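*Asks:* As a plain string of letters, each chain reads:
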Amino acid sequence: EAQVTQNPRYLITVTGKKLTVTCSQNMNHEYMSWYRQDPGLGLRQIYYSMNVEVTDKGDVPEGYKVSRKEKRNFPLILESPSPNQTSLYFCASSSTTEATEAFFGQGTRLTVV
Amino acid sequence: EDQVTQSPEALRLQEGESSSLNCSYTVSGLRGLFWYRQDPGKGPEFLFTLYSAGEEKEKERLKATLTKKESFLHITAPKPEDSATYLCAVPSTDSWGKLQFGAGTQVVVTP
Chain A
847 EAQVTQNPRY LITVTGKKLT VTCSQNMNHE YMSWYRQDPG LGLRQIYYSM
897 NVEVTDKGDV PEGYKVSRKE KRNFPLILES PSPNQTSLYF CASSSTTEAT
947 EAFFGQGTRL TVV
Chain B
12 EDQVTQSPEA LRLQEGESSS LNCSYTVSGL RGLFWYRQDP GKGPEFLFTL
62 YSAGEEKEKE RLKATLTKKE SFLHITAPKP EDSATYLCAV PSTDSWGKLQ
112 FGAGTQVVVT P
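Chains as they are written, first to last, in this note's numbering: chain A, 847 to 959; chain B, 12 to 122.
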């Protein structure tokens with residue numbers, strides 16, 4: 847089954863404790879992206895990657911890091927999480943280098959206390 | 012600055028009561044407009060891509076149309092299972108990979 851898998855689905859952590867949210871897709875997609883979704887603000891893009899070793903900033907990259915060492919995985923790293931990073935996070939992938947017809951993961955609900 | 016604005020923010024419909032959602036955009040050189048559906052607690056699900064003014068796409072009770080400045084998602088004779096948040100998005104002017112999403116329209120269809 848074609849899917850984008852995020853882990854964990856839920857996470858509660860403390861301020862400053864480094865964490866990684868994993869994202870993996872099994873469709874051999876070139877394009878992957880991370881978003882955060884907050885009430886009243888909608889989906890905002892954090893980072894995207896058009897291919898292996900190619901990443902670029904979205905609209906809200908501050909406080910986040912990503913890496914794309916292999917095509918299927920695109921982890922999101924929070925080096926020093928803060929409460930304002932409490933949000934619902936989505937990973938997405940697409941079969942082209944353009945961001946069309948994206949498949950989204952089920953989301954990771956992160957709470958930073 | 013690229014902007015995507017959706018209206019209304021929320022829409023409550025009776026089953027069978029047709030309506031339209033609006034997505035207006037201010038990107039220059041539109042390279043596609045996408046519609047997604049999102050159910051509570053789930054990731055968005057792709058519905059349509061529109062590329063040029065005058066283009067229309069249909070799927071069951073949904074029809075998306077595109078003009079030079081906006082797109083409409085028409086819901087014809089909706090059913091309760093059409094209840095969801097509908098999102099539109101466009102690629103940014105400066106990069107294909109950068110997507111701008113609207114805030115969404117939350118649709119509730121009551122029996």
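Source of the hints: derived by calculation from the structure; they are not laboratory data. Quick caveat, the model's predicted, so the values are computed rather than measured. Just to be clear, a hint being listed does not mean it is correct.
With a Cα cut of at most 30 Å, we get these calculated BS3-like pairs of lysine-lysine [what the hints assert, rightly or not]:
| hint | chain 1 | residue 1 | chain 2 | residue 2 |
| --- | --- | --- | --- | --- |
| 1 | B | Lys109 | B | Lys90 |
| 2 | B | Lys80 | B | Lys68 |
| 3 | A | Lys903 | A | Lys863 |
| 4 | B | Lys109 | B | Lys53 |
| 5 | B | Lys80 | A | Lys903 |
| 6 | B | Lys74 | A | Lys915 |
| 7 | B | Lys53 | B | Lys68 |
| 8 | B | Lys53 | A | Lys915 |
| 9 | B | Lys109 | A | Lys863 |
| 10 | B | Lys90 | A | Lys911 |
*Asks:* Determine for every hint whether it applies to the structure shown.
*Replies:* These are the hints, each one checked on the structure:
1. B:Lys109 - B:Lys90: 34 Å, violated
2. B:Lys80 - B:Lys68: Given pair B:Lys80, B:Lys68 holds - Cα atoms ~17 Å apart, limit 30 Å.
3. A:Lys903 - A:Lys863: Measuring from Cα to Cα gives roughly 23 Å; hence the hint holds.
4. B:Lys109 - B:Lys53: 22 Å, holds
5. B:Lys80 - A:Lys903: 26 Å, holds
6. B:Lys74 - A:Lys915: Not satisfied, since the Cα-Cα distance of roughly 40 Å exceeds 30 Å.
7. B:Lys53 - B:Lys68: 24 Å, holds
8. B:Lys53 - A:Lys915: With Cα atoms ~27 Å apart, B:Lys53 and A:Lys915 stay inside 30 Å; holds.
9. B:Lys109 - A:Lys863: Judged against 30 Å, a Cα distance of about 29 Å means the pair holds.
10. B:Lys90 - A:Lys911: 42 Å, violated
Hints 1, 6 and 10 from the list above are not met by this structure, while the remaining hints are.
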